[in-house]
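**Student:** Take a look at the letters that make up each chain.
There are 2 protein chains.
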Amino acid sequence: MYLRQVGLGVVALLTLAVAAAAENITSFSLDNGMDVVVIEDHRAPVVTHMVWYRIGAADEQPGKSGIAHLLEHLMFKGTENFGPGEFSRVVAANGGSENAFTSYDYTGYFQRVAADRLALMMEMESDRMRGLILSDNDVTTERDVVLEERNSRTENNPGALFSEQRMASLYLNHHYGIPIIGWKHEIKQLNRRDALEFYRKYYAPNNAVLVVAGDVDPVEVRQLAERYYGQLQPTPDLMPRHRPSEPPQISPRRLSYVDSRVSQPYIIRTYLAEERNPGDQKQAAALTILAELLGGSGISSVLGQELQLKQKIALHVSAYYDGLSLDKSGFALVVVPKEGITLQAGEDAMDAVLAEFLENGVDEDHLARLKMQVRADEIYARDNIQGIARRYGEALTSGLTIADVQAWPEILQSVTSEDVMAAARQVFDRRRSVTGWLMRSDDDEGGE
Amino acid sequence: MYLRQVGLGVVALLTLAVAAAAENITSFSLDNGMDVVVIEDHRAPVVTHMVWYRIGAADEQPGKSGIAHLLEHLMFKGTENFGPGEFSRVVAANGGSENAFTSYDYTGYFQRVAADRLALMMEMESDRMRGLILSDNDVTTERDVVLEERNSRTENNPGALFSEQRMASLYLNHHYGIPIIGWKHEIKQLNRRDALEFYRKYYAPNNAVLVVAGDVDPVEVRQLAERYYGQLQPTPDLMPRHRPSEPPQISPRRLSYVDSRVSQPYIIRTYLAEERNPGDQKQAAALTILAELLGGSGISSVLGQELQLKQKIALHVSAYYDGLSLDKSGFALVVVPKEGITLQAGEDAMDAVLAEFLENGVDEDHLARLKMQVRADEIYARDNIQGIARRYGEALTSGLTIADVQAWPEILQSVTSEDVMAAARQVFDRRRSVTGWLMRSDDDEGGE
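Those sequence lines, one after another, are chains Y and S. All residue numbers for the first sequence refer to this note's numbering, where the first residue is 1 and numbers rise by one. All residue numbers for the second sequence refer to this note's numbering, where the first residue is 1001 and numbers rise by one.
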């Protein structure tokens, strides 16, 4: 349906969407420094309650990798007011669902409940922001759970191990090179003191963003937030986040990982790439469109057309870029060669496509179709209130503002083919890249 | 001369050397935790006075790279008792020479003066251990000096830039991957507060080793040390050094650095390697001998014989390993191909030599000759009192003990061909290596 709207009032439609979003959103800060975003959506009597901390795995101290994620687990242990496991039991007993996760830049806690249970969620979430009680046994038990999680997700997954080694090579200095879940040998040594130090410093109202989305009234949310969160003590002298940044990357890197468990060998090259910055998202928008053009929608993409349809040497191709990041992100290209096609041949073909793209530039029709798709995705995404809430939480804990979130769709639409090519020429610098080969066994070709 | 002694009393001679060393060395600790080593050598009326801090670049906080080295510069700024630059002026006025340097694991300050000036050196060195005065201007001025040092030593030196990128790739987690002088963009941001925090915490008697070597009496040294250093306050609650260690390295890495200023392209492969550990130096000794066998003495080495003499494809080869390191070290192999020989051909030839060596094992005559050379070097080295003093200072700030230093020559002599081959099989695992190509220009072969 949306494909037929090419050439119609893209900007007008978009303006409408942004205006609507702006109308539904209220934001303010509590006296103790906690930021609050309220997103109204009265279609159903439910509310999503989220607390986002501006702290993630990339903020961990050297040697303490995994502490942000371990603490996320420990947050369900209990306080003076709610015993161990009670948080989750109360959410479930009230018909709610919940979730929590840790990223490089943030840690978030969500509940989705009937709108009239919001006060209860705030009571419990504010209670555990400052009142967590941890025993040594809590920590060692949960550490074992996390180690088991790492075993199943990473150690038993060649692709995940490969990814860890590639990230460690992509970043020469920044802690995005350290896995979110932590290095196994460092997880094993985390203890109660590490968890409490991290918790007391970073789990504080002046380091948190509350996002409430759904069938709520902003005035009432404010009153509740002041009652529950407003009485919490901030961490004094909390310094601005400051991570080590990258030195000039001046040498292309390659690595190969061989594992008998690999079912499908592939090539992935990741270039260091600019992220979305407050008030300055143009480059990231061009990279977002570039990724879509090159490998976004499978066979209709530049890589798909050439390697899957025309040359028939790839099973799958993709290009990936996520600009939502506090510090420099990555732009990845993936080629999964067909049986009988070597990784070297796949990589050479990928490089030939890139060279041709840099030579020939963007097909304007392709760009127009893509931007229409992006716009449609954006409009559909607005129906998912939890997704919208998440978008604000992620952005506000990744260095962006509400205005940046609201401007983003329009910035994406304003990207021109010249912007895309300028971004491509900037990002495709092999000196700032890691090329990885995931290989099945030693008798595969010599990638390293 | 020493070559003719093959088969004679190696062990007897060695025992003699160790016994002599043991006789000349006295060690004790002051009440405030400062360790003292006195090495007597009455051949000339001079003394070397060294203070070694158990702090180096690998102990820096993330984002603060270069602070250990910048502080080394700032230590010459002045105190209440000795104005800026006076330290060096006094040393020179007393006919002395001085030096200071920063490594990954330690920072050291040396003076060599007439033996009767020892008290003066202690007075000044103890004074600046706790009494350094720094202005903002001192720091910004010296930071510019360091930036200029980095410009001339690193930025204008393709080999140094190449080395930085390789080290960052060799270590996935440990801070040996960060250059000692610091990343340029981080040096630029270092300030007075960073310097003073680092100084106050780590420049303390309980984090220092005093080494006094030369024409001195241990009893007098002790009295002087107690008078000058003994009155200094230790840093309370100084934690044991704990650096992030490496996760399993499971993927071979490669990188290439292209620079038009490169005069001589070469291949260097570095494998992560075990270091000398207290009470456990056997593996490091085998690796030391292995490096000598493979590439230590140029053309008489395994690589030299094959690549320089026989195949005539290399201008130069070398193998390098330094076990004196607090944490995991590196074992490097270098091949500089002759004009007209590609880096790929050079690397393939190097790998063929390695494979053959692993297959054929050690030539016993070669090993015997080498051990004799090592022993001779050791005996001659004992004549250099400053070198000996340095050896103890380095060892005691790199996790070793006096006993380890004294046992080391004997452990080296006890290395068998089986030990060497076991160490070779252990260390030559490509998954724990980085292979680097230093290349002159883009029209060289495609290494990356």
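Hints are computed from structural coordinates only; laboratory data are not their basis. No residue lacks a Cβ here, since even glycine has one placed at the ideal position from N, Cα and C. Be aware that a few hints might be false.
Each computed EDC-like pair below joins lysine to aspartate or glutamate, with the alpha-carbon atoms no more than 20 Å apart [what the hints assert, rightly or not]: (1) 184/Y x 1098/S; (2) 184/Y x 1194/S; (3) 188/Y x 1217/S.
Listing some non-contacts, in silico: residues in chain S with all C-beta distances to chain Y over 12 Å [said to hold, decoys possible]: (4) 1082; (5) 1099; (6) 1165; (7) 1227; (8) 1246; (9) 1252; (10) 1259; (11) 1305; (12) 1340.
**Student:** Confirm or reject each hint.
**Tutor:** Cross-check of the supplied hints:
1. Distance hint between residue 184/Y and residue 1098/S is unfulfilled; the C-alpha atoms sit about 45 Å from each other, more than 20 Å.
2. With a CA separation close to 31 Å, the supplied pair residue 184/Y and residue 1194/S exceeds the 20 Å bound.
3. As the CA atoms of residue 188/Y and residue 1217/S are separated by approximately 49 Å, the hinted pair breaks the 20 Å bound.
4. The Cβ of residue 1082/S sits about 35 Å from the closest Cβ of chain Y, beyond the 12 Å cut-off, so the non-interface label holds.
5. At roughly 28 Å from the closest C-beta of chain Y, the C-beta of residue 1099/S stays outside 12 Å, upholding its exclusion from the interface.
6. The non-interface label for residue 1165/S is inconsistent with chain Y: the shortest C-beta to C-beta separation is roughly 4 Å, within 12 Å.
7. With a cut of 12 Å on Cβ distances, residue 1227/S stays outside the contact zone with chain Y, its closest approach being about 39 Å.
8. Some Cβ of chain Y comes within 12 Å of the Cβ of residue 1246/S; the nearest lies about 8 Å off, and the non-interface call is violated.
9. Residue-level check failed: residue 1252/S sits 4 Å from the nearest beta carbon of chain Y, not beyond 12 Å.
10. At roughly 8 Å, the least C-beta separation between residue 1259/S and chain Y is not larger than 12 Å, which violates its mark as non-interface.
11. A cut-off of 12 Å between C-beta atoms confirms that residue 1305/S is not in contact with chain Y; the least separation is 26 Å.
12. Distance check for residue 1340/S against chain Y: the nearest CB is about 24 Å away, which clears 12 Å, and the non-interface claim stands.
In this structure, the earlier hints numbered 1, 2, 3, 6, 8, 9, 10 are contradicted, and the remaining ones agree with it.
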